[in-house]
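J.: Here are the chains, one letter per residue:
Number of protein chains: 2
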Amino acid sequence: MICWGWQCGGDGFSSALVAQIDELASFSDSPAPSVTRVLYSDRDVQARRYIKGIMKQLGLSVREDAVGNIFGRWVGSEAELGAVATGSHVDAIPFSGKYDGVVGVLGALEAISVLQRSGFQPKRSLEVIMFTSEEPTRFGISCLGSRLMAGSKELVQSLKRTVDNHNVSFVDAADSAGYKIHPDDLHNVFLNQDAYFAFIELHIEQGPILEKEGIPIGIVTAIAAPASIKVEFEGNGGHAGAVLMPARNDVGLAAAELALAVEKHVLESGSIDTVGTVGILQLHPGAINSIPSKSHLEIDVRDVDEKRRNDVIEKVHKSAIDISKIRGVELSEFKIINQDPPALSDKSVINAMEFAAKQLSLEYKLMISRAYHDSLFMARISPMGMIFIPCYKGYSHKPEEYASPEDMANGVQMLALTMAKLSLE
Amino acid sequence: MICWGWQCGGDGFSSALVAQIDELASFSDSPAPSVTRVLYSDRDVQARRYIKGIMKQLGLSVREDAVGNIFGRWVGSEAELGAVATGSHVDAIPFSGKYDGVVGVLGALEAISVLQRSGFQPKRSLEVIMFTSEEPTRFGISCLGSRLMAGSKELVQSLKRTVDNHNVSFVDAADSAGYKIHPDDLHNVFLNQDAYFAFIELHIEQGPILEKEGIPIGIVTAIAAPASIKVEFEGNGGHAGAVLMPARNDVGLAAAELALAVEKHVLESGSIDTVGTVGILQLHPGAINSIPSKSHLEIDVRDVDEKRRNDVIEKVHKSAIDISKIRGVELSEFKIINQDPPALSDKSVINAMEFAAKQLSLEYKLMISRAYHDSLFMARISPMGMIFIPCYKGYSHKPEEYASPEDMANGVQMLALTMAKLSLE
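In order, the protein sequences belong to chains A and B.
Per numbering that gives the first Met the number 0, the first sequence starts with residue 0, numbered consecutively.
Per numbering that gives the first Met the number 0, the second sequence starts with residue 0, numbered consecutively.
These aren't lab readings, by the way, just hints derived from the structure by calculation.
Source: prediction; values computed, not measured.
You may find that some hints are simply not true.
The calculated lysine to aspartate or glutamate pairs, modelled on EDC-like cross-linking and capped at a C-alpha distance of 20 Å, are [as the list claims (entries may be wrong)]:
no., chain 1, residue 1, chain 2, residue 2
1, A, 263, B, 256
2, B, 392, A, 233
3, B, 324, A, 262
The shape of chain A in the complex, shown without the other chains:
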């Protein structure tokens, strides 16, 4: 058995990590304790500078690609071999928390630091990646950076036309953050299939299971299959006082019915693993004395079973058509934005994670990730695995999100040991 000297080195690193997490959380467009850090905003640029600063302190060789995926590499003794990579994201949806993604970036850098302090010498290079825009906030596209790295040609096409809610194009937004993109640069973001020997992501669970069961580590065996849908209804609108009820075709009520239909169809699936959410519902013109003339919904449906998830989507589509007929409104858009297949963790990475947990005497649970992550796309170009740590009540995407220093320390040690083991293979 290999002796990992740094294992006996105390846990001073957890307080350094906590301080970094708090510092990063201060780059926010909403007041603490909430965090809002949207792609290519000034705060996002600040966070990028901060991450690159730590990478440089650690002596990593730093590279950025055309869309701002950031890579910090510790070159191994056999630099020509595929590297062992880890990483996550630091963008944050409006009014969310400070751990989602961040633990997988700052924690990964802490894992590198721990290995360096222990005197470890990697054979395969080790690399920390900060992915651009895991969250879909600005352009409606989740995992933008990793999706591109995995070679999504459709995304390259659509990014040329993509605009945000203020009609700012993707290219102009990137430019404002200092990334001068020519449309053909986007292909250069694609990575080779043999770029990485393994990819591991450390993340808070974003669910309540580990905390409830008192287990410090989750080893992810599969990531649930997500899909997202945009829907728009259009109607005549009109004055809230003057248009009598029989003359109305109220698209706000059509949207309300569809939101409830999503819940109904999800529950009909009969499986606890099926979830569906209407996180965005907007009415136009949005005045108290005006009947809505346009409504816009964005729907998220997920399942570990792809077919069951797609059945729900079909039912939601049928409901949208039925509602539009009954209410006399137009279903002007029903667009499936993405409908990704699920991903399985690779046996080689699971083995390394189980080895690490046993070495560290940490109890672990093999589990499914119901949230999706950059790992879903990294799995297309590399053997993939994920390490989960518990979070308070399973809360995520809100200010109450919390992971304890102890749980983060366990996650960092798990990640360090897993990477070290894979580096020597």
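Given the coordinates of chain A, work out where chain B should sit on it, guided by the hints.
T.: Only chain B this time, still in chain A's reference frame:
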């Protein structure tokens, strides 16, 4: 019978009025043909300057009160008598049209011009009023200017604390438009009960009846009683992938259910005159992968029968409580913002309007206003009446809103003659 010389003067004035309406519509924060002109915005300030400019061209004596109600007076030969006033508003809700309110301001100024050109000499002074913020867009308070003029002490109190959605206070917003308000100035906006001998408002119908029946003039006998309500639900929110369905308390779905309950309770009233609308429904944080943790609705309920309307509000309240219990969310606000009684037109003003219609050989219909107007509040301090003209398909509060030059010309002539008649009484 009085001979109204100007009646024979052709209708050149309608094209001048159309040109002014188009010019005013260009002061908009949304692209044509829509109009967006929100209280104290730069566009609102431009519009105010434009209206005062026309008043000065007509030789009217111009006065502004503390909140920006604008008065243009043609002083009569017996200036000590109560004046005959008319007017409406020029603020426009987001993405609305160019006739709502505007016809009653620019049309009133055209009526003054017509009377001046005809050589008419008023005995009682004639006055055109441009009311501040008939629309509730910015501060959630409808008919802000006329409500204050009518002496609303509650409004004076609440305005000291009122902020808009960007947390800008009413006082600061007014300041940015050039109105330096000290909280005690607001009382100075109150008018005496005998300030006006009569008030008449010219307005598009905002409903389909006149157009459908081919009748050019509506004489309003009563204004329906409006009420508006703000509702907020709060729940735990969370990640759209990770929180399983049984663990959710989704306030977006609570809001959807309440919106549909409003429709249900309105239809249960059994009267065609009961209407209810959810024009605003907002979800927080508003991200596709986040379960809503706060939802906000604004509900508008109206009826010509005050008790029947209030019964609907009670049922909506009960539904909100039931929904919050069933879904395990908190009903953190259920606030009735206003619950105004209906207003009746005064017999003296109706008589003058009927006289004018007969003089002009215009067919007219006695009707109810289902939309409410500044007249609702002017009725508290003055005998009140309203003149309606047809509008295309009854459309209002959207870009397709339209009134024909002929219908506007009829309205202007009706208003001019009604004011002239009352001025001599």
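J.: Are there hints from earlier that the structure breaks, and if so, what are their numbers?
T.: Result: no hint breaks.
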